[in-house]
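Given the coordinates of chain F, work out where chain S should sit on it, guided by the hints.
Protein chains: 2
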Amino acid sequence: MLVLSSPSGAGKTTISRALLQGDKNLTMSVSVTTRPMRPGEVDGKDYHFIDEAVFQAMVERRELLEHAHVFNRHYGTPRGPVEQALALGTDMLFDIDWQGTQQLKQNEVTGGDLVSVFILPPSIDVLEDRLRRRAQDPDEVVRSRMAKAADEMSHYSEYSYVIVNDDVERSVAEVRAILTAERLRRPRQIGLHEFVESLKPNA
Amino acid sequence: MLVLSSPSGAGKTTISRALLQGDKNLTMSVSVTTRPMRPGEVDGKDYHFIDEAVFQAMVERRELLEHAHVFNRHYGTPRGPVEQALALGTDMLFDIDWQGTQQLKQNEVTGGDLVSVFILPPSIDVLEDRLRRRAQDPDEVVRSRMAKAADEMSHYSEYSYVIVNDDVERSVAEVRAILTAERLRRPRQIGLHEFVESLKPNA
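So the sequences go chain by chain: F and S. For this note's numbering, add 324 to where a residue sits in the first sequence, where the first one is 1. For this note's numbering, add 324 to where a residue sits in the second sequence, where the first one is 1.
Isolated chain F (complex conformation) (with noise of 0.2 Å):
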């Protein structure tokens, strides 16, 4: 359960892309949410699109390890895509803020198993410019994304890894090299102690 989060323009997106591309054993945790698509985006890759009676049902029938709302907007993380990783052991990669990595750190079905990586951009100006150029949105939309880009930031203290990201091929070695060194980590490493008995003499 590798979590990344961000604020907007860090180039969150990009890294998780080439994470995905390059492991086998990663998958993509898909959210729900209620706002619309934007034009480039597909419905069951970047997101599912959905209405907000959907929503509500999902939200009251459990169905979701965590949900925020953001914008107005309502975001969710589906339950079953990631009881299935769980069942599989393979690594799922989530793309969410601080309050869904919170629930997520919270609730049974992950068992609070997650490795949290916060991604920073590597100046104010850089960030400024890439929430410029992607949203192509007036002024006023700006300054509050900037806004919410900072109040994502003020929790980065919550995040077990940091990431500056001033390259982006950089920055998806070194979470590669996270990934790498957490599947490592002893206690994640199923029938180690049988391997170790294994060793010894007259075993």
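Rather than coming from a laboratory, the hints here were simulated on the basis of the structure. Treat the hints loosely; a few may be bogus.
Chain copies aren't distinguished; within one or between two, either way the pair holds.
Only pairs whose alpha carbons sit at most 27 Å apart, straight line, appear in this in silico DSSO-like list of lysine-lysine [unchecked claim]: (1) K336 - K524; (2) K429 - K369; (3) K429 - K348; (4) K472 - K429; (5) K524 - K472; (6) K348 - K524; (7) K348 - K336; (8) K524 - K369.
Frame of chain F, contents of chain S only:
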């Protein structure tokens, strides 16, 4: 502070050498020992070879961060180079056994901030083969080394990471990933708070 431990014959020395070659920010802690130099070993590189009187004097002057007694010989880690590495912010690699690791964890100089990795051989046959070829010793000595290896391996559960060394190149890449990841841990990143403040609007 990266500690690599393993039974003799698991390939730790080969892995350590490859790590040091590829990483200028990493220096090796050279232990002192009272055992005789073996053919091919270099004083000051493989070990500092010292006599019993010098060893006891170092212990009394508290110049060793940890020391152990194995096969009737003494081994120890000099304090000076570790303090220097900590002051310079460089990483230090320790090739020590489980006893040394426990002492280092409790030492006030390191503050317990160790990354500990245990390296296992891929099978008992490979382990025995390596111990036999290397030492060119009679069966009795090999059996005694196997027993020592089994004793060392029984302490794998005191380590944060475990690597099964069935391919040296992959094992080196895995230790490198652990180093990269551990350097990205939030509490180890100096100046991070000030950097995040600089990313906020009107900072």
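If the cut is 27 Å between Cα atoms, do K524 and K369 qualify within a copy, between copies, both or neither?
neither (49 Å within a copy, 32 Å between copies)
Is it within a copy, between copies, both, or neither that the alpha carbon of K429 lies no farther than 27 Å from that of K369?
For K429 and K369, the Cα distance is within 27 Å only inside one copy (24 Å; across copies 46 Å).
When no copy is specified for K348 and K336, does a C-alpha distance of 27 Å or less occur within a copy, between copies, both, or neither?
within (19 Å within a copy, 30 Å between copies)
Give the relationship of K429 and K348 under a CA distance limit of 27 Å: within one copy only, between copies only, both, or neither.
within (25 Å within a copy, 37 Å between copies)
I want to check one pair: K524 and K472. Are their C-alpha atoms no more than 27 Å apart within a copy, between two copies, both, or neither?
between (57 Å within a copy, 10 Å between copies)
From the Cα coordinates, with 27 Å as the cut-off, is the pair K472 and K429 best called within, between, both, or neither?
Close inside one copy (22 Å), not across copies (42 Å); limit 27 Å.
I want to check one pair: K336 and K524. Are their C-alpha atoms no more than 27 Å apart within a copy, between two copies, both, or neither?
between (46 Å within a copy, 18 Å between copies)
How would you label the pair K348, K524 (within, between, both, or neither) given a Cα cut-off of 27 Å?
neither (34 Å within a copy, 37 Å between copies)
Of the hints listed earlier, those the structure fails to meet are numbers 6 and 8, in rising order.
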